[in-house]
Amino acid sequence: MTITTASPLASIARPRRRASMRQWTGILYVAPAMALVIVFFVVPLIFTVWMSLHNWPLIGQPSWIGLGNYTRMFSDARFFSALGFTAYYTVIATIAIFALAFPLALFVERQRTGVGFYRTVFFMPVVVGLATASLLWVWLANVDAGVFSSILRWFGITGRAANILATFDSAFALIIVMVVWKIVGFTMIILLTGLQAIPADLTEAARIDGANAWQRFTKLTLPLMRRTLALAFILSITGSVLAFDQFYIMTSGGPQNRMISVVYYIFNQSFVSFQLGYGSALSIALLGILVTLSVVQLRLLRVGDER
Amino acid sequence: MNTAIKARRARKKLFGNTVFHGFGLIASFFFLAPFIWAGLASLRSNAEAQSPPLPPWPKNGISVDAYLTLDTFGAGVWQHTMNSLLVSAGTVVLTVIVSILAGYGFSRYRFPFKNLMFVLIIATLMIPFQSILTPLFIILAKLGLNNSLLGLTLVYVTLQLPFSVFMMRNAFDAVPREIEEAARIDGARDLKLLVRVLFPLVLPGVVTVAIFAFLNAWNEFLAALILLSDNEKYTLPVLMTAVRAGRLGAINWGALQAGVMVMTIPCLVVFLLLQRYYMRGLMAGAVK
Amino acid sequence: MLKKLIGTVSLATILMAQGAMAQETINMWVRTGIGTAFTTLADSYNASHENQIQLTEVPFSELVQKYATAIAGGQAPDALSLDLIYTPSFAAAGQLEDLTDWVQALPYYNGLAPSHVALGTYEGRNYGLPLLVETSIFAWNKDLYAEAGLDPEKAPTSWDEIKANAEKIRALGGDKYGFYFSGGSCGGCMIFTFAPTIWGSGADILSEDGKTATLDTPQARAAVENYRFMVENDLIPAGAETDNGVNFMSFSNGNIGQQSIGAFGMGSIINDNPDLNFGVTLIPGSEGGVSSFAGGDNIVVTKGTPRLDAVKEFIEYAYSAEGQEVLAKSGALPSRLDIAEQTLASMDPRFQVAVDAIEVAKTPYTLLFNDLINSANSPWAIFTNAAIFGGDVDGAFAAAQSEMQSIIDNAP
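Just so you know, the sequences run in chain order A, B and C.
For the first sequence, the numbering used here puts the final residue at 307, and the numbers step up evenly by one.
For the second sequence, the numbering used here puts the final residue at 1288, and the numbers step up evenly by one.
For the third sequence, the numbering used here puts the final residue at 2412, and the numbers step up evenly by one.
Chain A on its own, in the form it takes in the complex (with noise of 0.2 Å):
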């Protein structure tokens, strides 16, 4: 068994005899969903670098100026306060969907009655849009027509009505709850695959030979699943990076722009500021971070293969 990753290095080709023919009819088989990509994909991110080295307007005509906007962007505050609250958001909803995705996994793993029930139910809100669970979420959290602030005033809680969304703390831990909400059921069930693909003997003879359950965990389990881990990181980790809708719905950005994340900064720059030169070399530069950030991950990868 291996484990493969959504990154792109990951694909390891196989060297085999064919007829050149047969090249051929492979190169048919893929070629509808290269020209696919080509068309929808390559083509207009090709036109992206293109405006990247321009001042253009939405409306207009476009000027060239060269790698100005990419020498903009070292001295543009705004769009570092983004990479940073980008980062903090990823670093906190990371470690909160693991700290809850862990558990749930080892809880789901047992072969007992009912378990394939609780699969689905924690798998449930995986399926629904993001931005359906961000609508459905500042329903809930609304001051007037919501349930939390009712709640949190019922328990005595809060005073008056508590309005959630009004301060960063409230908002933010808000929206990982949601996020944690929505995510959690799709790592766990990663992480059970893991879990499932470890022997059962090995778990066994580490019990016979003493291991307490904390001790199997960190000393046979979690190393075992490294690599699990890691696919889980990656899709968790740049998810995160490309966050958008939640806080595009559920707090636009505020209290006082304090929740812009990158790509939403890129939004606001191509759409409302209409300067989609800036907006494209943006898109540009974070596309570099997230190659770097999975060259980093699939080193790691590499390490656990050496192992």
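Honestly, I wouldn't trust all of these hints.
What the hints assert, rightly or not - Which chain B residues face chain A? A few, computed with CB under 7 Å, are given here: (1) 1098; (2) 1101; (3) 1107; (4) 1128; (5) 1134; (6) 1141; (7) 1155; (8) 1161; (9) 1256; (10) 1274; (11) 1277; (12) 1282.
Worth flagging that the hints you see were computed from the coordinates, not collected in a lab.
Even for Gly, the Cβ is constructed at its ideal location relative to N, Cα and C.
Guided by the hints, dock chains B and C onto chain A, whose structure is given.
What follows is chains B and C alone, placed relative to chain A:
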């Protein structure tokens, strides 16, 4: 003596079961509560809709006010639901066909630039597609596909490809070569071999791909908003932006809950019906 | 499909009957959330004219983006009802049809709503013309005034009075609040309702030419203090702090004692909620004076549209006595002031207050309206939220002032 041990074991088992299911049920409650709450609240009458849902169920009898209000937005909720269904179904069919072909090609054939092509497809995952929307719009306009549900469908299929091709390649990789060789000896060739022999073997992967395609197409909103410019062609999520924006300076929470339910229920139904395949496909994709 | 078929058949019939003049379909966009005035006008035009208007409603927060993308893709509508504050930037980009020669030849050109004409003018040429006119005004709930022991017929004339009244109304307890505003970084709401309290006393947030941010003035400080008073004394609902505009019309629920609203909103209250007993007056400045924000939509024509004549026919219809009345009945103020009196003759007298407001109303003229003021992440939007609800008023003023100036200076 023997019975005492048995009794103790039974007690222990009972205790274990209680803890297990106690935890399971409490956790389940937290996962389900938002859905249940919104579902019940969406059945309240207009008079109740603006107040906090405590208790969540309608106090003055079940009412479909919220759904009727939702219907007054845009061109009516049926029209938009049909659009969404059309786009989602189209995305599913095309994604499945394209990714089976590509998955098979990448798994079983060797050809020049194979790795480069695969990397290229997977790399689409890493671009926030919001940033290529404007060029995308211009290209669609050049192809005469703007403001058309087909154009939107093709864009969605492209967005689905990295995940789907990856899944399908893994699914084909997991099929033992011997099966294929045997079928080949029996005279099955290429497409026939693929459809008759291999398709049933990769079905869980196909279902996973199909479900993901459906869910993502069903839920996507920004591209739909930018690429469509006719009231009648808007998909459901675009309708939801109008509901969220409120009307005449007031948001109708009932309509919002109703919209959330209309958006949610098809996703849950598809998932619950097909989850057996779906989970299997997902797990096979994660661990190959 | 059936609809299209019927459309084609009736089109064919008309063509056969009329022969010479070809019927045209004008594609127009209108933003959602501004009431029914424009849709009603289009319907009544379609009923009485051969050319037909096909209207597409676009969510208001996405209209500009969508229109600009459509222009880039060569798929723009023939004309659209554009928030008037965006007219300068679209005109500056050279995407709008120059209507100068035609409109200045109209006999009633000088009677068109002045703020709208001014915003629709770029470098001396007319690109946008008034279509939907509205102003912001101060509304008070007469029933709540009476309940709180205040004179329900006496309009408040100063902020001291408004604050005192708000306290009395809040003292009624429960859900009844003295005041309301959409304070959750809703730049558009706050420029509409809050900025007039600064303008009324003679200050402005931008210099005349729009090149300098002039936010930090004693008048603005006083205006902020008035609103902070409402927050600190629990005179507004807690939801105001995060209301990004979706509950802008909270006044219509009957539990809000006083709020600045718009003429469209007033129209919809009068139509849909006739039991709400309220009065309206001009918005008092923080240190005396009165002001208002002239808002609404200009009609603009996409450059190079082949259906220019048909669009002109529609605009003339909108400016006819009949068109003006249709607009007024669904809540828009007259766009022709020369016949405003006769248009409003049969209407609710409260509309006259909104028309009076046109004379004192302002609209900032800047190509950067979205960046500076309107977007949810603009310095003005952030400033209103931070200064009124936050702990650091000085910091909010300083941050917004420098941010606004830097956006102006860095504009391409």
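Each hint, compared with the structure:
1. This hint holds: residue 1098/B has a C-beta 5 Å from the nearest C-beta of chain A, less than the 7 Å allowed.
2. The beta carbon of residue 1101/B is positioned within 7 Å of a beta carbon in chain A (closest approach about 5 Å), and the interface hint is therefore held.
3. Checking residue 1107/B against chain A by beta carbon gives a least distance of about 10 Å; that is not within 7 Å, so the hint is violated.
4. Given the 7 Å rule on beta carbons, the hint for residue 1128/B holds: about 5 Å separates it from the nearest Cβ of chain A.
5. Hint status for residue 1134/B relative to chain A: holds, with the closest Cβ pair at about 6 Å, below 7 Å.
6. About 12 Å separates the beta-carbon of residue 1141/B from the nearest beta-carbon of chain A, more than 7 Å, and the hint is not met.
7. Because the beta carbon of residue 1155/B sits about 6 Å from the nearest beta carbon in chain A, less than 7 Å, this interface hint is met.
8. With its C-beta approaching chain A no nearer than about 6 Å, residue 1161/B sits inside the 7 Å limit, and its interface hint holds.
9. Proximity of residue 1256/B to chain A holds as hinted, the smallest CB-CB distance being about 6 Å (cut-off 7 Å).
10. This hint is violated: residue 1274/B has a C-beta 10 Å from the nearest C-beta of chain A, more than the 7 Å allowed.
11. Checking residue 1277/B against chain A by beta carbon gives a least distance of about 13 Å; that is not within 7 Å, so the hint is violated.
12. A hinted interface residue such as residue 1282/B counts as satisfied when its beta carbon comes closer than 7 Å to some beta carbon of chain A; here the least separation is about 6 Å, so the hint holds.
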